[in-house]
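> Spelled out, the chains give:
There are 2 protein chains.
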Amino acid sequence: MSKEKPLILITNDDGYQAKGIVSLVEALKDLGEIVVFAPDWHRSGMSSAITTSQALRYQQYNKEENATYYVCNGTPVDCVKLALNEVLDRQPNLVISGINHGSNAGISVIYSGTMGAAIEGCIFKIPSFGISLCDYTSDADFTHSAKIARLIAEKVLAKGLPQGVCLNVNVPTGEPKGIKITSQTQGKWVNEYQKGQDGAGRDVYWITGNFENWEIDNDNSDEWALTNGYAAVVPVKIDMTAYDFIPELKKWNLA
Amino acid sequence: MSKEKPLILITNDDGYQAKGIVSLVEALKDLGEIVVFAPDWHRSGMSSAITTSQALRYQQYNKEENATYYVCNGTPVDCVKLALNEVLDRQPNLVISGINHGSNAGISVIYSGTMGAAIEGCIFKIPSFGISLCDYTSDADFTHSAKIARLIAEKVLAKGLPQGVCLNVNVPTGEPKGIKITSQTQGKWVNEYQKGQDGAGRDVYWITGNFENWEIDNDNSDEWALTNGYAAVVPVKIDMTAYDFIPELKKWNLA
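Residue numbers (the working numbering), protein chains in the order written: chain A, 1 to 255; chain B, 1 to 255.
A few of these clues could be false.
The list makes no distinction among identical chains, and a pair is therefore deemed to hold if it is satisfied within one copy or across any two copies.
List of simulated lysine-lysine pairs, PhoX-like, C-alpha gap at most 25 Å [unchecked claim]:
id, residue 1, residue 2
1, Lys125, Lys155
2, Lys251, Lys177
3, Lys250, Lys237
4, Lys237, Lys29
5, Lys237, Lys125
6, Lys237, Lys195
7, Lys155, Lys195
8, Lys250, Lys63
Since the hints were derived computationally from the structure, they do not count as laboratory data. None of the values given here were measured: they were computed from a predicted structure.
Construct the entire structure; sequences and hints are all you get.
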């Protein structure tokens, strides 16, 4: 029965026309019923942003036997929320966001619209993951990352994920040597702006930068795995409480 | 010497003209040298979003003896990044984001632009906190929340915070009974859209909703504290790795 097929919600932050999302749908199409609900244009760096000052709209732009496609004028999180609140008639079994053009390893999990969408699926208690390929170009080769997406989708459908945990999957270029389970590399972006001038000669700033890795020798970190040719899977928690620091903070006697 | 004065960077997500940020500056003015670097308009729900598709600009709009004021066309995180990368000549001793008009307790920490800015300060290894008042109105009374901001600013300046941990402070309306150190309440937003129509009769969706609390009896949670008249302080980690789940995930034998 069609009701028994897993329902898989797919979104991304590069927009519905990106090669990454097309490759992802292609790789997963026979696993269940697919609904694509993706932004109309790229929303990179949108984190878990929601649109509060503008009305959201969506429309169906394609329908195939096992797949229905919608495009929306919101952020990746808006896409997940709108699909789950207003469009789908049952809770998906899996939310996948990607395949992103560019790494979301290390601290980038915080800024990533791809991971914002995966985290949103997780907030809805749906097993969810984001997947990114370390190649920003629009014609990147998604062959290997699509295979990994398929593998992880099958595993997550079979085993589920604990409530409040989703996965951040990053894949190097070329054929990965394997898949490592890692932690989020500690570090930050540096040299973050390219200064320019607008047509009237006024200073403007464009975001750019390099990732500064603070634990370059940690072979349990996602950056280490990627640098050494492995795909990296980081389990990500949506409870951001620093429980370890609570006893110390209580000693501050704030009240 | 003026070099010895603590440098305090202040931002928010309600925009530089919001009553909350004006109240915050007023409460902290004699604690050190203040730099305000805030968005030109409200950026609620912006999470840790960064602006990638538009040029950023900023300009100074006021200068007083101990305080310099800048306005920027970016998100709260853009404001912190731009101030730290391009404007300030030394690392601040403290980053404070707020006082937000409206609660950022529970899962709202994920969507909050206020907390996005505090998390950004933390990524830069600067002791940082976000502070929010549970009152969305533009003329909210910030008397008590400004006192709490002052108290916590003094404590954080004196004691510091562990690397990778910032604080999410939420204050109820009226005079708080005290301050509780709590965890982030588990739950999610529900009934998230108000459906409307545009002038041409097409469906549009506006974000709204109610917080559904999944641990209503947990008196160590921030929602419990606020509901019972206390301010809540949650220590927030920027390492989102779910370390507890790594051993189980390794058993999946992904590669």
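> All hints, please: hold or fail.
Checked hints:
In the homo-oligomer, the alpha carbons of Lys125 and Lys155 lie at most 25 Å apart inside one protomer (17 Å), although the nearest pairing across protomers, at 37 Å, exceeds that limit. Taking CA atoms no more than 25 Å apart as the test, Lys251 paired with Lys177 passes between copies only; the shortest distance there is 18 Å, against 48 Å inside one copy. In the homo-oligomer, the alpha carbons of Lys250 and Lys237 lie at most 25 Å apart both inside one protomer (24 Å) and across protomers (17 Å), since each shortest distance falls under that limit. Taking the shortest alpha-carbon separations for Lys237 and Lys29, neither the intra-copy value of 28 Å nor the inter-copy value of 37 Å comes in at or below 25 Å.
Both within a single protomer and between protomers do Lys237 and Lys125 lie at most 25 Å apart by alpha-carbon distance, with minima of 12 Å and 21 Å respectively. Taking CA atoms no more than 25 Å apart as the test, Lys237 paired with Lys195 passes in neither setting, with 36 Å inside one copy and 32 Å between copies. Taking the shortest Cα distances, Lys155 and Lys195 never come within 25 Å of each other, neither inside one copy (45 Å) nor across copies (37 Å). For the homomeric pair Lys250 and Lys63, neither the shortest alpha-carbon distance inside one copy (56 Å) nor that between copies (38 Å) is at most 25 Å.
Of the numbered hints stated above, those contradicted by the structure are hints 4, 6, 7, 8, listed in ascending order.
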